[in-house]
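Modelling step: build the complete structure from the supplied sequences, incorporating the hints.
Protein chains in written order, with this note's numbering: chain H, 1 to 336; chain R, 1 to 336.
Do not take every clue at face value.
[Unchecked claim] Here are some chain R residues the structure puts well away from chain H; computed CB gaps all over 10 Å: (1) Ala3; (2) Arg4; (3) Gly16; (4) Pro32; (5) Glu47; (6) Ser51; (7) Ala54; (8) Arg57; (9) Thr121; (10) Arg127.
[As the list claims (entries may be wrong)] Output of the computed footprint for chain R on chain H, the stretches with three or more beta carbons under 8 Å from beta carbons of chain R: (11) 141 to 152; (12) 244 to 252; (13) 268 to 274.
Source of the hints: derived by calculation from the structure; they are not laboratory data.
It should be emphasised that the depicted structure is a prediction, and the values quoted were computed from it without experimental measurement.
Note that beta-carbon positions come from the ideal geometry of N, C-alpha and C, so glycine has one too.
Protein chains: 2
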Amino acid sequence: MSARIIAIDAMGGDFGPRSIVQASIACLRSTPSLHLTLVGHASLLEELVGSQLAADRARLCIVAASEVIGMDERPSQVLRGKPDASMRVALELVRDGKAQACVSAGNTGALMALSRQVLKTLPGIDRPAMVAAIPTQAGCCQLLDLGANVDCSAEHLYQFAVMGSEAARALGIARPRVALLNVGTEDIKGNQQVKQAAALLQGASGLNYVGFIEGDGVYRGEADVVVCDGFVGNVLLKSSEGLATLIGTRIQSLFRTGVLARMAGLVALPLLRRLHTELAPARHNGASLLGLQGIVIKSHGSASAEGFQSAIHRAFIEIQEDLPRRLQGRLGDLLR
Amino acid sequence: MSARIIAIDAMGGDFGPRSIVQASIACLRSTPSLHLTLVGHASLLEELVGSQLAADRARLCIVAASEVIGMDERPSQVLRGKPDASMRVALELVRDGKAQACVSAGNTGALMALSRQVLKTLPGIDRPAMVAAIPTQAGCCQLLDLGANVDCSAEHLYQFAVMGSEAARALGIARPRVALLNVGTEDIKGNQQVKQAAALLQGASGLNYVGFIEGDGVYRGEADVVVCDGFVGNVLLKSSEGLATLIGTRIQSLFRTGVLARMAGLVALPLLRRLHTELAPARHNGASLLGLQGIVIKSHGSASAEGFQSAIHRAFIEIQEDLPRRLQGRLGDLLR
Numbered sequence: 001m002s003a004r005i006i007a008i009d010a011m012g013g014d015f016g017p018r019s020i021v022q023a024s025i026a027c028l029r030s031t032p033s034l035h036l037t038l039v040g041h042a043s044l045l046e047e048l049v050g051s052q053l054a055a056d057r058a059r060l061c062i063v064a065a066s067e068v069i070g071m072d073e074r075p076s077q078v079l080r081g082k083p084d085a086s087m088r089v090a091l092e093l094v095r096d097g098k099a100q101a102c103v104s105a106g107n108t109g110a111l112m113a114l115s116r117q118v119l120k121t122l123p124g125i126d127r128p129a130m131v132a133a134i135p136t137q138a139g140c141c142q143l144l145d146l147g148a149n150v151d152c153s154a155e156h157l158y159q160f161a162v163m164g165s166e167a168a169r170a171l172g173i174a175r176p177r178v179a180l181l182n183v184g185t186e187d188i189k190g191n192q193q194v195k196q197a198a199a200l201l202q203g204a205s206g207l208n209y210v211g212f213i214e215g216d217g218v219y220r221g222e223a224d225v226v227v228c229d230g231f232v233g234n235v236l237l238k239s240s241e242g243l244a245t246l247i248g249t250r251i252q253s254l255f256r257t258g259v260l261a262r263m264a265g266l267v268a269l270p271l272l273r274r275l276h277t278e279l280a281p282a283r284h285n286g287a288s289l290l291g292l293q294g295i296v297i298k299s300h301g302s303a304s305a306e307g308f309q310s311a312i313h314r315a316f317i318e319i320q321e322d323l324p325r326r327l328q329g330r331l332g333d334l335l336r
Numbered sequence: 001m002s003a004r005i006i007a008i009d010a011m012g013g014d015f016g017p018r019s020i021v022q023a024s025i026a027c028l029r030s031t032p033s034l035h036l037t038l039v040g041h042a043s044l045l046e047e048l049v050g051s052q053l054a055a056d057r058a059r060l061c062i063v064a065a066s067e068v069i070g071m072d073e074r075p076s077q078v079l080r081g082k083p084d085a086s087m088r089v090a091l092e093l094v095r096d097g098k099a100q101a102c103v104s105a106g107n108t109g110a111l112m113a114l115s116r117q118v119l120k121t122l123p124g125i126d127r128p129a130m131v132a133a134i135p136t137q138a139g140c141c142q143l144l145d146l147g148a149n150v151d152c153s154a155e156h157l158y159q160f161a162v163m164g165s166e167a168a169r170a171l172g173i174a175r176p177r178v179a180l181l182n183v184g185t186e187d188i189k190g191n192q193q194v195k196q197a198a199a200l201l202q203g204a205s206g207l208n209y210v211g212f213i214e215g216d217g218v219y220r221g222e223a224d225v226v227v228c229d230g231f232v233g234n235v236l237l238k239s240s241e242g243l244a245t246l247i248g249t250r251i252q253s254l255f256r257t258g259v260l261a262r263m264a265g266l267v268a269l270p271l272l273r274r275l276h277t278e279l280a281p282a283r284h285n286g287a288s289l290l291g292l293q294g295i296v297i298k299s300h301g302s303a304s305a306e307g308f309q310s311a312i313h314r315a316f317i318e319i320q321e322d323l324p325r326r327l328q329g330r331l332g333d334l335l336r
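This is how it looks when you write it as structure tokens:
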């Protein structure tokens with residue numbers, strides 16, 4: 001099999017290139033068949049990479065890009081200006097076949113807009129959806145859309161279901177249970193879009209559609225793929241992150257409430273900190289932009305080096321599984 | 001001041017009348033000016049109440065109702081049938097001035113439908129909204145709507161903001177910060193309804209509107225009142241409950257992973273269990289139906305006796321503050 005090269009937008013995210021380079025090198029060490037191309041300020045990246053072992057260095061290359069897209073720049077500005085932005089150059093490497101995926105922790109709106117402009121969407125897809133894995137009692141589930149599409153028709157939800165199902169299969173689930181997020185599980189519940197999407201999904205062959213799911217059912221692990229519009233998905237993801245942080249804060253103060261609690265805390269807090277990382281899904285996992293003619297993974301802007309590694313790992317799996325080609329095939333079969 | 005009588009639908013909820021009677025008696029003991037009317041199967045309720053102290057008994061009366069509404073009955077059936085259902089009889093006590101509020105842990109859709117039929121909505125309100133307090137880093141915030149209205153216009157969101165603000169004031173917050181839930185905080189973010197509602201709220205006098213809030217901002221405590229459509233609110237509330245339960249499960253298994261962890265668990269788990277109750281908002285707190293000509297509180301179907309007490313407590317405060325009258329005044333001032 002040919003080399004798996006991932007283009008890394010080394011300048012995006014809140015923590016800057018140092019943490020991204022660190023995550024990149026850790027991934028090279030753990031995955032021998034992986035090659036990475038860091039895109040950004042060449043001299044800075046050379047310096048950060050500088051002291052690495054020759055063995056790691058052999059699979060790491062640097063491509064210069066002189067501009068950086070700020071976290072608060074508007075997508076419309078980004079599309080017109082900054083032809084040499086690290087994010088754009090990384091996407092162009094994918095377009096030109098010099099890399100098989102792009103990973104960025106930069107501005108989400110800019111990444112979405114540039115991905116559409118540079119890579120184009122698959123036939124039949126208006127706008128890519130964002131999907132990420134969130135933890136559940138049963139393991140994890142793929143939740144989409146996470147905010148790219150705030151107004152969705154029933155057809156959009158149907159496309160998300162098809163793409164989410166294929167993404168879950170690529171991640172190793174043989175027959176993913178696909179559910180529509182709703183305010184109840186009875187047929188009469190929900191808004192028009194959700195009811196119409198349910199009708200479309202009930203008639204779809206080759207999809208393991210299991211019906212409606214409620215918010216608590218998501219975390220109980222009642223489905224492998226949960227479909228909703230981007231408004232709802234974004235609120236679910238971010239509020240979960242907020243609640244996980246709130247619980248973490250409260251637990252820390254619990255262990256300061258007395259001598260016994262402090263002693264217990266010495267044992268418990270390190271365990272709980274690991275749990276918190278795992279359960280703050282947005283921060284931990286990469287989100288995949290589905291529906292493009294290429295693989296693009298968005299890492300959380302404030303992801304730790306470990307979170308960025310998860311994003312690279314997701315890109316690697318999607319390359320192995322050739323997800324865009326599989327999606328194109330499935331969409332061709334299923335969509336009118 | 002006149003007596004504060006709360007009519008309790010003693011037959012609703014997953015745990016049956018025993019747990020409801022227990023919660024009712026606990027509330028009578030903690031609140032000397034409270035009177036309760038239990039509505040349901042009279043002989044059963046007499047038996048459950050039977051051995052209580054005469055002092056408690058003096059403020060507790062039983063009203064017979066021969067029928068019970070099932071948790072899965074459709075609102076349309078409930079409206080036509082069961083004239084002697086405990087839920088209906090409890091609401092009629094409020095309508096007839098024999099009680100100042102109704103609390104039920106029964107079927108939410110039925111309670112909403114019967115409340116509208118029996119009590120009627122306030123002028124200008126199409127459909128009541130459900131609001132509940134959720135915990136935040138700063139204390140708590142009132143979140144609405146929680147599922148009564150899945151399709152909302154900008155005007156509906158505006159009404160929710162007005163009612164939520166007044167409810168928060170009744171609960172003791174002098175100048176509640178009101179925010180609109182959105183997928184970002186910039187003006188360009190969101191769907192049409194949210195953008196239009198923002199324009200209405202920016203022009204409203206007497207409301208402390210603070211702009212958009214994201215899911216994580218809700219739990220950070222950035223607002224006292226968070227407004228969204230019922231679909232989004234329901235998903236936020238239920239997914240939070242699911243995540244809190246998931247975290248609880250994971251924590252319990254952490255404390256089984258070794259001798260030291262088990263010892264730490266002896267101290268930590270009781271503390272964490274209390275925290276879990278506090279942070280599973282739907283189970284713990286009562287939700288208020290706002291916009292009716294009367295006070296109706298919905299307790300979670302699987303609420304513990306403690307959760308049901310919270311619901312009675314919320315009803316008691318809303319009576320003290322005469323919330324429906326205050327809402328009517330505010331809506332008259334603010335709505336066209």
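Now for the hints, and whether the structure bears them out:
1. Every CB of chain H lies more than 10 Å from the CB of Ala3(R), the least distance being 37 Å, so the non-interface label holds.
2. Non-interface status of Arg4(R) relative to chain H is upheld: no Cβ of that chain comes within 10 Å, the nearest being about 33 Å off.
3. The beta carbon of Gly16(R) is kept farther than 10 Å from every beta carbon of chain H, the shortest such distance being approximately 22 Å.
4. Residue-level check passed: Pro32(R) sits 32 Å from the nearest beta carbon of chain H, beyond 10 Å.
5. With 10 Å as the threshold on Cβ separation, the claim that Glu47(R) sits away from chain H holds: the shortest Cβ distance comes to roughly 34 Å.
6. With a closest Cβ-Cβ approach of about 37 Å to chain H, Ser51(R) is found to remain outside the 10 Å limit, as its non-interface label requires.
7. With a cut of 10 Å on Cβ distances, Ala54(R) stays outside the contact zone with chain H, its closest approach being about 40 Å.
8. Every CB of chain H is more than 10 Å from the CB of Arg57(R) (nearest about 38 Å), matching its label as outside the interface.
9. Taking the minimum C-beta to C-beta distance to chain H, about 21 Å, the non-interface status of Thr121(R) holds against the 10 Å cut.
10. Arg127(R), annotated as away from the interface, keeps every beta carbon of chain H farther than 10 Å; the closest lies near 14 Å.
11. By the rule of at least three residues with a Cβ nearer than 8 Å to a Cβ of chain R, the coverage given for the segment 141 to 152 of chain H holds, with 3 such residues.
12. For the segment 244 to 252 of chain H, the assignment as covered by chain R holds, since 7 residues bring a beta-carbon within under 8 Å of that chain's beta-carbons and 3 suffice.
13. Residues of the segment 268 to 274 of chain H lying with their CB closer than 8 Å to a CB of chain R number 3, which satisfies the three-residue condition for coverage.
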